[in-house]
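All you need for our numbering is the position in the sequence shown, starting with 1, plus 38.
None of these hints come from the bench; they were simulated from the model.
Any given hint could be a false lead.
To be verified - With a straight-line cut-off of 25 angstroms between C-alpha atoms, the simulated DSS-like cross-links for lysine-lysine are:
| no. | residue 1 | residue 2 |
| --- | --- | --- |
| 1 | K184 | K307 |
| 2 | K61 | K307 |
| 3 | K278 | K55 |
| 4 | K260 | K61 |
| 5 | K307 | K405 |
| 6 | K184 | K278 |
| 7 | K254 | K278 |
| 8 | K58 | K260 |
| 9 | K278 | K61 |
| 10 | K183 | K307 |
| 11 | K260 | K55 |
| 12 | K278 | K58 |
| 13 | K184 | K55 |
| 14 | K184 | K254 |
| 15 | K254 | K55 |
| 16 | K183 | K405 |
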Amino acid sequence: MAKELDSTEYDIESPEKLRKLYKRVLFVVSLSQIFGGAGLAAGVTVGALLAQQMLGTDAYAGIPSALLTFGSAGAALIVGRLSQRYGRRTGLSTGFMVGGLGAIGVVVAAMMNSVILLFASLLIYGSGTATNLQARYAGTDLADKKQRAKAISTTMMMTTFGAVAGPNLVGIMGDFAVSIGVPALAGPFILGAAAFSLAGLVLFIMLRPDPLEIAKRIAIFKQANGHEKKTDSLNKGSNKSGLMVGATVMVLTQIVMVAVMTMTPVHMKHHGHSLSDVGIVIGFHIGAMYLPSLVTGILVDKIGRTAMSIASGVTLLFASLLAAFAPGDSMILLVIALSLLGLGWNFGLISGTAQIVDSTEPSTRAKTQGTLDVCVALAGASGGALSGMVVASTSYTILSLSGGLLSLVLIPVVIWYRWNKHHEGLI
């Protein structure tokens with residue numbers, strides 16, 4: 039009952055109080071993202087290696103990534119609907135807690151050498167991954183259009199602290215796991231279980247009043263008082279095309295990023311790199327996914343969603359070409375390639391997310407965002423599942439080149455949208 043009272047009694051007519059609440063929401067979500075990032079990094083770093091070890095073949099090494107993202111797809115839908123009905127606090131805290139249970143399941147599966155339990159647990163673990171991404175929307179609920187990309191990027195930037203630390207703790211967590219009788223590759227999932235659970239607790243305890251509930255009240259208040267009728271009409275007219283373009287940008291960047299990233303640890307292992315080397319490369323990659331966020335958000339708000347979406351496609355192209363042609367034993371070139379891959383994903387996710395927030399209203403926002411994140415997760419699942427098969431039948435080079443070609447599709451899509459908006463008189 040406390041949540042409902044907090045949300046319904048909050049004074050939405052005070053600009054000063056709303057500014058303070060906006061800052062508080064960003065702080066709470068950012069704090070949860072530090073823990074969420076650490077949980078996210080565990081599965082990304084060693085999931086493929088754990089499956090390779092248990093199955094004894096590279097052909098299915100992309101399956102963990104696929105399962106994580108399939109689980110993420112289902113969780114995105116559920117978290118979005120829970121958030122729409124009960125608020126961000128309930129939806130996000132539930133998603134993180136379920137992800138923590140999935141991480142515990144992976145550890146048990148590794149101890150039992152049960153592939154079936156491993157796959158089931160990875161599906162559940164995907165809930166934490168989905169929630170980690172869904173949390174970026176919570177920061178935008180109380181932001182105006184000129185603040186939205188910056189709000190998204192602020193929460194994403196805080197993910198960096200956990201996401202970079204996670205892969206670099208692979209060796210330490212592996213040693214700890216062995217010391218308590220758990221296989222080394224399951225060690226990072228012990229970290230994941232603790233991290234996701236802490237993220238859920240932070241949101242459950244501190245995210246009051248609920249930002250989405252307050253945003254709904256503000257929208258009703260503005261409508262009742264006749265504010266922004268002209269703007270609302272224009273937004274409704276451009277809603278479908280805006281959602282389509284935002285979703286397309288996020289889907290394509292997700293496919294390219296997941297496919298190349300998933301098989302990089304396996305590619306490195308074939309060229310004699312250690313588990314610590316893999317952790318360093320993936321650490322740089324995840325750092326590049328999140329650390330530039332604050333600058334990216336400012337750029338998206340200042341120079342526009344379209345320009346940054348095009349920048350995403352170009353950056354992913356360069357990343358894919360470098361990954362394709364870099365010598366497999368070159369740590370420096372692999373670090374640069376995977377860093378560019380993360381940066382291109384960052385550009386695409388923030389510009390695409392901002393486009394989606396621009397094209398939705400509080401009354402349906404969380405549900406719509408959750409549904410679109412399902413598409414993003416399924417795209418990642420496809421990239422992860424196919425990546426192992428492509429590498430097994432051709433090579434890592436062909437996989438990377440294919441990713442580069444796919445990233446170019448972003449450019450005509452966003453140019454079409456910009457042209458369409460211009461001719462409809464919306465810009």
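Hints versus structure:
1. K184 x K307: With Cα atoms ~45 angstroms apart, K184 and K307 exceed 25 angstroms; violated.
2. K61 x K307: 44 angstroms, violated
3. K278 x K55: 33 angstroms, violated
4. K260 x K61: 21 angstroms, holds
5. K307 x K405: 41 angstroms, violated
6. K184 x K278: This hinted pair holds, its Cα atoms lying about 21 angstroms apart.
7. K254 x K278: Holds, because 21 angstroms separates the two Cα atoms, which is no more than 25 angstroms.
8. K58 x K260: 20 angstroms, holds
9. K278 x K61: 30 angstroms, violated
10. K183 x K307: Since the Cα atoms of K183 and K307 sit roughly 45 angstroms apart, the hinted pair is violated (cutoff 25 angstroms).
11. K260 x K55: Status holds; Cα separation ~17 angstroms.
12. K278 x K58: 33 angstroms, violated
13. K184 x K55: 19 angstroms, holds
14. K184 x K254: 19 angstroms, holds
15. K254 x K55: The given pair, whose Cα atoms are some 16 angstroms apart, holds under the 25 angstroms limit.
16. K183 x K405: 20 angstroms, holds
Checked against the numbered hints above, the structure violates hints 1, 2, 3, 5, 9, 10 and 12; every other hint is satisfied.
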